[in-house]
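Okay, here's what each chain looks like letter by letter:
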Amino acid sequence: MSRLQLKGVGKSYGATKALRHADLDIEAGEVHVLMGSNGSGKSTLSKIVAGSVRPDTGEILLDGKPVSITGPQAARRLGIAIFYQELSLAAHRTVAENICLADLPSRGVFVDRTALEARAAKYIALFDGVTGDDFSPDAVVQDLRADQRQLVEIMKTLAGEASVLIFDEATSALDRAQVERFFEILRDLKRQGRSIIFISHRMDEIFAIGDRATVIRDGEIVGSRQIAGTTPAEIISMMVGAQEETATVADAAPARPAGPPVLSVRGLTGPGFSDIGFDVRAGEILGFGGLHGQGQSAVLRALFGANSPTAGSVELGGKPLHPKNPRATIRQGVAYVSGDRSRDGVVSGRPILENVMPIHYLRERMMLANPSALAAKALPALQALKTKFAGLGHPISSLSGGNQQKVVIARWLIDRPAVLLLDDPTKGIDLSAKADLFSLIRKLAGEGMGIVLYASEDAELLDNADRILVFNGGAIRRELTGAARTRFNLYQAAYEAA
Amino acid sequence: MASIEAPARPRSSSAVKRAFERYPFLPALIILVVLIALNGWFQPRSLSLVGVTGLVKTYLALMLLAVAQTYVIYAGDIDLSAGAIVSLVNVVIVGVMAQWGGDGVTIVAALAIGLATGLACGIVNGIVVAALRLQAIVATFATSIFFTGLALYIQPVAGTPAPTAFWRTYGGRILEIPFVFHVVVLFAVLLAILVRTRLSLRLLAVGDGQQESYQSGLPVTAIRMGGYALCGVFAALAAFCITGDTASGDPLVGGKMTLFSIAAVVLGGSALSGGYGTVVGSVIGALIIGFINSLVFFVGTPSEWQNLVQGVAILLALMAGVLVGRRARA
Amino acid sequence: MSAVTALLRQPLVVALILIAGLLWLGETLSPGFASGQQILRLLIVAALLGIVAAGQNLVILGGREGIDLSVGGVVSLSAIIAGNLMAGDNAGIPLAILACVVAGAFFGLLNGIGVTLLRIPPLVMTLGMLGVLQGLLVVVRQGIPSGRAAPALADFVSRTFLFGLPGILWLWVVIGLVMAFLLNRTVFGHRIYAIGSNEQAAFMAGVPVKAIRIALFVLSGVFAAITGICLLGYSGSSFANVGEQYMLASIIAVVFGGTPLSGGKGGYTGTMAGAFLLVILQSILTTVNIDESGRQMVFGATLLVLMLFYGRGRSMRA
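Protein chains in written order, with the numbering used here: chain A, 47 to 544; chain B, 2 to 331; chain C, 15 to 332.
Derived from the structure by calculation, the hints contain no laboratory data. Careful: at least some of the hints might be erroneous.
Claimed, not checked - Only some residues are given here: those of chain B computed to face chain A with a beta carbon under 8 Å:
(1) Leu202
(2) Asp209
(3) Gly210
(4) Glu213
(5) Gly218
(6) Pro220
Each residue gets a CB set at the ideal place from its N, CA and C atoms; glycine is no exception.
With these hints in hand, go ahead and build the complete structure from the sequences.
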């Protein structure tokens, strides 16, 4: 008998069907992987099981008995715990308080501090040695690094002592050692007979920890496979569907660019990076590689003026560039696309048109916004990216994640920038959107734009970048060019001299 | 090439930072000490026992109301009806005491009814804001109109006197110590107890993020209602003090206090957005307002200028508190 | 069916339905309530509120908990300045308007600077500014005889000007058109929505976030000053704290007009309807024969019920 069973579970948001008639069985003692591009319905499914999303249809059975999960509290009582992709931590509370928050140890109406600390210590100890410096039970969560926060969310999930645990992209900010420790813990939980739903975009992790994989596409369950009997290629082809090609990019070695440098950076130092120097030539795609959070994003944001460098010099097309704020750098011809589109890119709730125009407004110093004149500018930019949308007046939030990111990128295509900074631009978007994006990026490079690409997925870098600078600890450690651009070299450079 | 040569921003040492993180009211405390010193400088008698007793007697109600407001602000909510609750409880207890005669037993009974009234008002606010999910600012403004109407119904005009036993006790002494200081001690004990409760911690967690708290399995609606209920109770306590101080019932007595209670909370270093703050800070904030008002008087400001000087001083203190607190924690 | 529900989700439609309902109710309770003359009088009162609410609307649209609690103080101050400067003489009108608008813009500028450059939460900054303005009122009032409105100003507010409507209503219409144009057809308007909806994204797209937010507070001060001048014309002479009532009423008008306090969406057309709705409601309560306490209770309870019509916060369970 399955531990957890979903029968015909569906959920719609307005006209969008987030999940259609999902059937799923999770056994006791298995790690069940959910695969699918973002927006495919994995998170919706997870949240339905965890009680924070109300299903429209279907039935959920625990140990064969139908249960009604009326909310997160009810889910906890039924023994279901979840790691939320977007985290569910209280920023001003301590690590220990966050771990125990859902079920505070108490004596009468009072918090039992001793018991609280003891319980928190138990879960913190699981990650002994990999939590990093200045991690302590009484550290305030907002002072922690991203990976440490993610660990706290994991500890909080474990503290639920649930029989069904859901981990929705729990490893995205963790380093290798942290992931390995986490997997040890998961294996231990498996041995105890707990059921684990595991969501990740990293194929290697899925094959390292999963027992079974279920693929979801566009809200529909495509199929399940035993991990032992499948291959990454098969999983990917299930994810993208029959009609689309499996690989993100097909081009072989990109041509060597020969243009003059459009962007020259010397001795750039700031929060999270120091003494960064490089040139980007016209027509070149320069890759930033290395483990995530080694200063790649910080450098790109500093060049764009989003955070302030403390020392160094920058030259754009031979003229000095003062990255004082985005406004100043945009005017000089710098473009920046953030992977965190909901934070840095999308003005949600506003029409697509208004989301495409802001850069044009600024560069043309416009005062009036005549919709038909603007549409004539916006449509070609959106079409260049094969953006799918119903009308320019529709809110951007009605689009899928990939199409939202296309709208954000389209705003840079009306007035061509000299240099395009891409900060993990494909984070969380589906494969076909990725392919559209990279073909556009290569086209822009071909037209003479200088492009800096940071990508957290190695394949994207290896397939697209002419040169790769490998970051570690806020500095450039290696430069990989030509035939040296291999996955092996990239890994080696990323891990050496940490 | 353009050179960027900015010295690294001086970061406050981690000890100072920790102190400010742990005690967000430190800037307020500094402002308060300076104000007390200035008060003593311009009018030494203001720091005498009589002077301090008078100040505490007048501002105890605001301190309590600031604390009331704090519990709501912990969770990121706000209560614009706090002052109206004070008015309502004020006329309720004065009315009950007048009805039943002013002896000790009826006073206690009246106070119990007053507490229940405050609690009921708080629960109404909780239902309206947390359960019905209306926007706190406008919804509690609407309830404040309702509560004021209720107060006017109970007592259409100001002036019903409170029994002598009541205000004599409030203004008198027990064991040679002014009664209000006993109240202050009880108040401190009460706050020390409340700090350790689950409700305090959970209110702060909800203030850090409602959705996150809900997803973590916290009963967010009940917690927010708890904050409003606590606010109602403390507003009732504030009404007791104001009744002791003014010795009469007035259906509009608390109206002006609402905005001051919010100012006191902010002066005390709590974040209006919730998740961060202390009740001690709010008490200090109320005292700052009190000492500013008395200082403006003691330095000999012409009467028509007093309001303006007070207004400017409070605005500057608010700004200084917000700025210093942020600086120190950066 | 779904078209009807979709229509009922439009705050403007809700407001108009409620307005019609309340007018009908008023007519039933007291015949003559909804006569042309009465409605005109109500519209004049609504225009006074609607003009302050325009500024409040802009500040709220700009997001980041934008709110201006100081508008009431600016309205009072402006009424007093205008009264003293014109002192019942038409010749004083231009100077009075200039002085009031400058004063309103000045206090708006201070609010804007406090909120953006010093990053003081708007509620705190404008609350503190309200205290300053109330103090200033005491200073300005002392010694100077309470001013009187110039005859032309009084006519502007109450006498028919064009097509049977007084000047103030035409002014309100013009403000309504200008606001609609500003919000929908200008870069400034799009930028207001952008910072209200996602400030970080707006910043990353080169929107001058701080300058825009300061401008919103300045505009709020200017609109409040205009209401102060009109209010002087309406009441004939200025008196203490005449503008206090506008502080929260302007916020409620904005909310009833479909602009949530979280900002980033909504518009001024709804706010105009919201202001009218609020004024009708108050007027009905004064025509009904109940005493002050009952009136307040009914008013408070009705506001709560009306707020339920305007959609409640999202359920935490999606």
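Verification of the supplied hints:
1. Leu202: 6 Å, holds
2. Asp209: It holds, given that the least Cβ distance between B/Asp209 and chain A is near 4 Å, below 8 Å.
3. Gly210: 6 Å, holds
4. Glu213: 4 Å, holds
5. Gly218: 4 Å, holds
6. Pro220: Result: holds, 6 Å to nearest chain A Cβ.
In this structure, every one of the numbered hints holds.
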